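*Asks:* Chains S and E, in that order, give the protein sequences. For the first sequence, counting from 1, position 216 maps to 216 in our numbering; every step adds exactly one. For the second sequence, counting from 1, position 92 maps to 92 in our numbering; every step adds exactly one.
If you're looking for bench data, these hints aren't it; they were derived computationally from the structure. Some clues are possibly wrong.
No copy labels: a pair is met if it fits in one copy or bridges any two.
Pairs of lysine-lysine, DSS-like flavour, derived with a Cα cap of 30 angstroms [unchecked claim]:
(1) K355 to K246
(2) K366 to K293
(3) K354 to K235
(4) K29 to K359
(5) K293 to K207
(6) K68 to K235
(7) K354 to K68
(8) K227 to K355
(9) K174 to K355
(10) K355 to K104
(11) K174 to K354
(12) K355 to K207
(13) K293 to K29
(14) K190 to K29
(15) K246 to K227
(16) K359 to K293
(17) K68 to K359
(18) K293 to K68
(19) K246 to K68
(20) K174 to K29
(21) K29 to K235
(22) K246 to K293
Bear in mind that the values here come from a model prediction, so they are computed numbers and not experimental data.
Protein chains: 2
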Amino acid sequence: MAEEAQVVDRQPLPLGQNLTEPIYNAILKAIDEDADRLDLLLSLLHPSDIADLLERLPNQHRGVVLHKVPEDLLGGVLSNVESAVQERLLEEMSAEEVNAAVAKLPSDDVADLLQNMSDEQAIATLRLIPEIQQALLNYEEDTAGGLMQLETLAVPQTWTVGRLMDYLRDSSQKLPNNIATIYITDPTRKLLGTLSLNRLVQISDDKRLSDVMRTDPFTVLPEEPQKDVAQMFEKYDLIALAVVDKNNRLLGQITIDDVMDVILEEHHYEMMHQAGVSDEEDLFGSTMHTTQKRLPWLVINLFTAILASVVISMFEGTIQELVALAVLMPIVASMGGNAGTQTLTVTIRGLAQKKITSKNAYALLKKEFLVGSFNGLVLGTLLAGGTAIVYGNQNLGLVIFAATIANHIFAAIAGNLIPLILERRGIDPAIASGILITTVTDVMGFFTFLGLAAWVLL
Amino acid sequence: MAEEAQVVDRQPLPLGQNLTEPIYNAILKAIDEDADRLDLLLSLLHPSDIADLLERLPNQHRGVVLHKVPEDLLGGVLSNVESAVQERLLEEMSAEEVNAAVAKLPSDDVADLLQNMSDEQAIATLRLIPEIQQALLNYEEDTAGGLMQLETLAVPQTWTVGRLMDYLRDSSQKLPNNIATIYITDPTRKLLGTLSLNRLVQISDDKRLSDVMRTDPFTVLPEEPQKDVAQMFEKYDLIALAVVDKNNRLLGQITIDDVMDVILEEHHYEMMHQAGVSDEEDLFGSTMHTTQKRLPWLVINLFTAILASVVISMFEGTIQELVALAVLMPIVASMGGNAGTQTLTVTIRGLAQKKITSKNAYALLKKEFLVGSFNGLVLGTLLAGGTAIVYGNQNLGLVIFAATIANHIFAAIAGNLIPLILERRGIDPAIASGILITTVTDVMGFFTFLGLAAWVLL
Chain S
1 MAEEAQVVDR QPLPLGQNLT EPIYNAILKA IDEDADRLDL LLSLLHPSDI
51 ADLLERLPNQ HRGVVLHKVP EDLLGGVLSN VESAVQERLL EEMSAEEVNA
101 AVAKLPSDDV ADLLQNMSDE QAIATLRLIP EIQQALLNYE EDTAGGLMQL
151 ETLAVPQTWT VGRLMDYLRD SSQKLPNNIA TIYITDPTRK LLGTLSLNRL
201 VQISDDKRLS DVMRTDPFTV LPEEPQKDVA QMFEKYDLIA LAVVDKNNRL
251 LGQITIDDVM DVILEEHHYE MMHQAGVSDE EDLFGSTMHT TQKRLPWLVI
301 NLFTAILASV VISMFEGTIQ ELVALAVLMP IVASMGGNAG TQTLTVTIRG
351 LAQKKITSKN AYALLKKEFL VGSFNGLVLG TLLAGGTAIV YGNQNLGLVI
401 FAATIANHIF AAIAGNLIPL ILERRGIDPA IASGILITTV TDVMGFFTFL
451 GLAAWVLL
Chain E
1 MAEEAQVVDR QPLPLGQNLT EPIYNAILKA IDEDADRLDL LLSLLHPSDI
51 ADLLERLPNQ HRGVVLHKVP EDLLGGVLSN VESAVQERLL EEMSAEEVNA
101 AVAKLPSDDV ADLLQNMSDE QAIATLRLIP EIQQALLNYE EDTAGGLMQL
151 ETLAVPQTWT VGRLMDYLRD SSQKLPNNIA TIYITDPTRK LLGTLSLNRL
201 VQISDDKRLS DVMRTDPFTV LPEEPQKDVA QMFEKYDLIA LAVVDKNNRL
251 LGQITIDDVM DVILEEHHYE MMHQAGVSDE EDLFGSTMHT TQKRLPWLVI
301 NLFTAILASV VISMFEGTIQ ELVALAVLMP IVASMGGNAG TQTLTVTIRG
351 LAQKKITSKN AYALLKKEFL VGSFNGLVLG TLLAGGTAIV YGNQNLGLVI
401 FAATIANHIF AAIAGNLIPL ILERRGIDPA IASGILITTV TDVMGFFTFL
451 GLAAWVLL
């Protein structure tokens, strides 16, 4: 029976209940009124759902719940909450509590938690798991090295399938959590091949690993950006990926659950940054904190909006003579902004998927130019007709017609070139493109419309 | 040796080269000049990279390359290209070619391809794999049923670990590609439990499956939306998930590689729809096609922009008396639009992650109201100071101060409530929120600024 104990220990955590609305409400009530009931309710939840619960709770209640979480689940809970909440929870914990919580976590999760720990907590953790310091903290967070875990199962190529199966079953071995891919290495840890568990169980015991292993496995260097790692997993349907050094020595592995997190993170990063919202913003953070995080981008926008307003002020005399211009000019600018954002989105997506190369960039620019011209033509015709009728002024219609087409062409060119130029300069095109494109279309929209009006109408 | 043949057949495809820029250029050259060289180059590529190549090629070259792809890779290539390109490739193929290509694909990939086939191709495929028709085509594409594959490994609970291992090694069995999770069912296919391969290889042969299986596995009904399925995989770090009917009978399984695709798809869907770009738009599609796909949203925008312009026209007299108003009014509207988009993004994200509940919605609205007020106060002060100095008119500064604060408050409330209301009405908040929020902030921005000016200044 003792032989089996190790295996049972490796069984996944109990599944537990989802955090449904009734359970959430019951927990809220129990926090205020009934500590025993809170214990019972928490014991029903999966660690990921306890993490969800902690994220949703107002800050003053988080500490109460945190100290009720069973010790063996605490590590899983901590590594599942988002960074802003993690930081607040760690503040509530002593170094000893943190140490107990992280003891069973994979090394990559521990390294991530280290970022948010106090000095005292971090020192205690590094004393407990010293290999993390040398191995993981040297890599940037958003690289393959920052994603990888040190725990791998590496075995010699001289073993047979039978010997490997015996080794796996021998519960005196402390096996890593994730053995979906088995790495076959030489005595210097040079990677010779891999064998998936899927395949292993279909091969007879007498085969030697060197005869059945895959000899050309995908690998990454630790410096590789996490974006590219995620793309490899997605493209080649990987479950795990070996991280090796320049001499092809096995350093660790990246597993698909970490890559899922990266993809979601990149997604949120892109979405949030386009709106100028910090990705570390806690949905339930304090008002002042949120205000400060969002203000800088709005201040930048203040200045770009003033730029557009300076263009308008150049034509104050023109507007004074024909107030209809002030009424119509935001339409030209607004439509250009949206057309530019369309081009921008398609271009950023193409860049992210690496489908835009120096070979086809010019063809795409030409296409966007044509699309912008056609859309401008259609919209300009609609707008000019409406304007000529409403204001009884054919020349005004002609001006708005020409300005709409011109601004759609500017929008198409800018929407295509801005992300390409940013990418070439090493700036993530998702961040700054949005504000740049609306500035271009506002400025050019006001300038062409008011400029043409000054020239044709006055 | 014959006994091993089946196992070797299940080995993954050869890894091959990535589609680097030099290889891509060499292929472009070979298409025009050298058919033999093209064969050689294609034989170097992984099916996923051939799919990439086909996406990148201009349409007239796609057919040439398609007919050079080795038959055993063709299914993998077809299921890896995006839908718009898939459609064009299938047009080039006969029903027999399609049949040969899909023969080795998992059922979910075949069902996806069916959507883009001609009637003749679809009929031939359904004749080849008739179970797909009943089992998969009844489910919506974006549900668990639309994601699942029929191929699963289900075994009786009375088996021992040893018997299961023997079964796996017995190569006369045709095993599904993905056996990371083994399902344990009764004779009516009712799901009793699961066992991961990870765990299986660590258990001794004499144990019965009923004693070692996990008896409360995660399951989904086929009607479940794919978004929720993806969230389950992410939250609980799943590798595979059983799809069951209402009587808990096993229908199929969803594997993590399909979920990765869903996450990326949802991401692009959200990004593209916010800009009013169709997600089926081919980066290399024809100009007319692209124009038509983008135009509808721009036409909607034309009308919402006219709405803002109608508000301005209500104050033509006011602008005539003080042209500075025409210069300044776009600043107020633009900043409100950006502040509203910030609130919108945070709210949409919170909704997607299910962190906003009826319990905390009011607290969040209150917080956004306060954030909007503070940001409006800071920006209004900056803007009012600048305006008073530039125009030497303190009252004009006062008007822009008040209008900026008011519009930021409108932006915060609309940015919070619009996605909540859309979500409650069953409309994806990612689609229409962007255009609604800028309409609100334009209309309210122009109205408050010009209205206050008419009242205070004239």
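*Asks:* Now tell me if each hint is right for this structure.
*Replies:* How the hints compare with the structure:
1. K355 to K246: Result: close within a single copy only, 28 angstroms intra versus 43 angstroms inter.
2. K366 to K293: between (39 angstroms within a copy, 17 angstroms between copies)
3. K354 to K235: both (12 angstroms within a copy, 29 angstroms between copies)
4. K29 to K359: So K29 and K359 pass the 30 angstroms test across copies only (12 angstroms; inside, 62 angstroms).
5. K293 to K207: neither (60 angstroms within a copy, 57 angstroms between copies)
6. K68 to K235: between (42 angstroms within a copy, 21 angstroms between copies)
7. K354 to K68: Cα proximity of K354 and K68: across copies only (24 angstroms, versus 47 angstroms in one copy).
8. K227 to K355: both (15 angstroms within a copy, 26 angstroms between copies)
9. K174 to K355: neither (44 angstroms within a copy, 38 angstroms between copies)
10. K355 to K104: Between copies only: 28 angstroms across, 42 angstroms inside.
11. K174 to K354: Cα proximity of K174 and K354: none, with 41 angstroms in one copy and 37 angstroms across.
12. K355 to K207: neither (43 angstroms within a copy, 52 angstroms between copies)
13. K293 to K29: So K293 and K29 fail the 30 angstroms test inside a copy (32 angstroms) and across (51 angstroms) alike.
14. K190 to K29: neither (57 angstroms within a copy, 38 angstroms between copies)
15. K246 to K227: Cα proximity of K246 and K227: one copy only (20 angstroms, versus 40 angstroms across).
16. K359 to K293: Only across copies: K359 and K293 sit 25 angstroms apart there, 40 angstroms inside one copy, limit 30 angstroms.
17. K68 to K359: Answer is between; shortest inter-copy Cα gap is 22 angstroms, intra-copy 59 angstroms.
18. K293 to K68: So K293 and K68 fail the 30 angstroms test inside a copy (32 angstroms) and across (54 angstroms) alike.
19. K246 to K68: neither (46 angstroms within a copy, 36 angstroms between copies)
20. K174 to K29: Classified as neither; 42 angstroms inside a copy, 54 angstroms across copies.
21. K29 to K235: between (47 angstroms within a copy, 25 angstroms between copies)
22. K246 to K293: Classified as neither; 40 angstroms inside a copy, 47 angstroms across copies.
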